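Chains as they are written, first to last, in our numbering: chain S, 1 to 316; chain X, 1001 to 1225.
One or more hints might be untrue.
To be verified - Straight line, CA to CA, 27 Å or less: simulated DSS-like cross-link-like pairs of lysine-lysine:
#1 X/K1105 with X/K1008
#2 X/K1200 with S/K26
#3 S/K26 with X/K1106
#4 S/K239 with S/K151
#5 S/K26 with X/K1202
#6 X/K1043 with X/K1105
#7 X/K1043 with X/K1069
#8 X/K1158 with X/K1121
#9 X/K1121 with X/K1106
Since the hints were made in silico from the structure, they are not lab data. Fair warning: this is a prediction, and the values are worked out from it, not measured in the lab.
One letter stands for each residue in the lines below.
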Amino acid sequence: MGKTGFVFDERYLQHQTFNGHPECAKRLTAIMDGLAGDGLLDDLVKIAAKPANQRWIETVHNIHYIMKFEEACLWGLPDFEHQDNSICRESYETALLAVGGVLKAIDAVMNDEVKNAFCAVRPPGHHAEANQAMGFCYFNNVAIGARYLQKQYDIEKVCIIDFDVHHGNGTQHIFDTDNSVFYYSIHEHPSFAYPGTGREFETGFSSGEGFTKNSPVLPGRGDEEYREKLLSDLVPAFKEFAPEAVLLSAGFDAHENDLMSGTNLSTEGYDFVNDTIFDLVRASTGGRVVSVLEGGYDLQILPVLVANHIRKLMAI
Amino acid sequence: MFVTEMMKTDLVAVNPETKLSEARSLMMEGDFRHLPVVDAEGKLVGIVTDRDMRDAHPSSLLDEESYQKTLDKVMQHTISEIMTAEPITVAPYYTLQDTLLIIGKKKVGALPVVDEEGQLKGIMSTRDLLRAFVNIMGIEEPGTLLCILVNEEPGQLKKIVDIAYEENVSLGSVLVARDWDTEKRAIFPYLLTNNVMSIKKKLLALGFELLDPMQWYLDQSPKKE
Chain S
1 MGKTGFVFDE
11 RYLQHQTFNG
21 HPECAKRLTA
31 IMDGLAGDGL
41 LDDLVKIAAK
51 PANQRWIETV
61 HNIHYIMKFE
71 EACLWGLPDF
81 EHQDNSICRE
91 SYETALLAVG
101 GVLKAIDAVM
111 NDEVKNAFCA
121 VRPPGHHAEA
131 NQAMGFCYFN
141 NVAIGARYLQ
151 KQYDIEKVCI
161 IDFDVHHGNG
171 TQHIFDTDNS
181 VFYYSIHEHP
191 SFAYPGTGRE
201 FETGFSSGEG
211 FTKNSPVLPG
221 RGDEEYREKL
231 LSDLVPAFKE
241 FAPEAVLLSA
251 GFDAHENDLM
261 SGTNLSTEGY
271 DFVNDTIFDL
281 VRASTGGRVV
291 SVLEGGYDLQ
301 ILPVLVANHI
311 RKLMAI
Chain X
1001 MFVTEMMKTD
1011 LVAVNPETKL
1021 SEARSLMMEG
1031 DFRHLPVVDA
1041 EGKLVGIVTD
1051 RDMRDAHPSS
1061 LLDEESYQKT
1071 LDKVMQHTIS
1081 EIMTAEPITV
1091 APYYTLQDTL
1101 LIIGKKKVGA
1111 LPVVDEEGQL
1121 KGIMSTRDLL
1131 RAFVNIMGIE
1141 EPGTLLCILV
1151 NEEPGQLKKI
1161 VDIAYEENVS
1171 LGSVLVARDW
1181 DTEKRAIFPY
1191 LLTNNVMSIK
1201 KKLLALGFEL
1211 LDPMQWYLDQ
1221 SPKKE
């Protein structure tokens, strides 16, 4: 059994959102308290985060967008591009540190210091488009991670599996025409849930055609449909693509206790998600996977689900 | 919403003397299913559909040589011979609702829009109608659909809108449906946000019931005896 790395930094708490905003610093303190209480924290290899160099952000995001975001924070504006995207003066630095945490985790995995890693970072990333902030996301942590794997470590084929309850529009669009990154997402059906994309017929464009796969799940159908669709959609597509590295957009907001969605996935349902994905990872990349926190807003169930996820990571 | 806001105005039109061959290539190039026919003054005199065009074609069962021979002959005919003269039209002040009902009732695929002088102003097709609905329902804007069960009494929607206002959230659209229970209504606000947590909490605190949309769907479906 290899070691599992863990990224967390006190500075992730400095991205303050408005009072009552679901994407709040308390999410991470709840996760840390939970992991400490379980005694899990001692078994993990701490990986120190470092702000990402801007050149890595630029592999995904437009330079004008990056500067606009930095400027909005410097001005002390309350939000960026939509009232959902609540910011403070420290948000830009924190977002750089979130990307940097993911890059450090990739380094640790690629240099065999750890077998796999979980990144407890915020702000989250999968809604962030190349030139637009959306749904609490500013820099697309996972997308930048995929480009980093390719450019820094000469990895050709990266698979991103996104099980946040919301479709990762940003990640999908960034790799729309790219056949070197396979994007799979399972999420609540876009007619009911944010951001309104991720329908089955969205499969990529031109040379990226067939390298995007979406499994929309109807409200209230979490346990049945996650089982069914992971087996029928993800498993065969993953095996056919045969990635060299896997990144996870790990969202814990599909849970029945989480008011942000209506899919009603149970705690056991999440175990099935973990098991299915980690079986694939074990067989293909020898267990190499970096999992990155996206959503998950119920402060009671979030730490439980993260701890379960990490336990399964450690058992790969 | 008036047809002038939704209709297509960059039109390609033909005149009654236009050869079928020319009209055919215009339709194929522009991916049009309807070609308006106008006279020298720009007045609408007819419409040609892809169906009219197909009817004028020789049978596809003919061997290639006879097919081509007949086709060459047919394509020399003029539009006036196959067009529908005096087609059903609408005026620019017609509404989206009007055109929906007319298209359904008259079973046409497109309605030319003409002014009082008979001048062609635009064409409103079922494709344009579909686009208008995508727009009206806000389908392409990021948001979250809530399903709320309310009592059939005045002022319920106001409470919901007030909460959205308090939370500084914009509404993409609101649909109201009769529920299976005659005392109830189902309200579906499409909120242009990912942040529905506090809105849901406030709705629950006011005693509203948040519906599982699938349960609603199943209860609404015709029951098998």
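For each hint, the structure was consulted:
Taking the CA atoms of X/K1105 and X/K1008, the gap is near 22 Å; set against the 27 Å cutoff, the hint holds. Between X/K1200 and S/K26 the alpha-carbon distance is near 20 Å, which keeps this suggested pair within the 27 Å criterion. This hinted pair does not check out: S/K26 and X/K1106 have alpha carbons roughly 60 Å apart, beyond 27 Å. Using a Cα cut-off of 27 Å, the hinted pair S/K239 and S/K151 holds, with the two alpha carbons roughly 23 Å apart.
A hinted pair counts as satisfied when its Cα atoms are at most 27 Å apart, and S/K26 with X/K1202 qualifies at roughly 21 Å. About 25 Å separates the Cα atoms of X/K1043 and X/K1105, which keeps this hinted pair within 27 Å; it holds. Of the pairs offered as hints, the one joining X/K1043 and X/K1069 is violated, with about 35 Å between alpha carbons and a cut-off of 27 Å exceeded. Restraint check for X/K1158 and X/K1121: not satisfied, since their Cα atoms lie roughly 40 Å apart, outside the 27 Å limit.
For a cut-off of 27 Å, the pair hint linking X/K1121 to X/K1106 stands: about 21 Å separates their Cα positions.
Checked against the numbered hints given earlier, the structure breaks hints 3, 7, 8 and satisfies all the rest.
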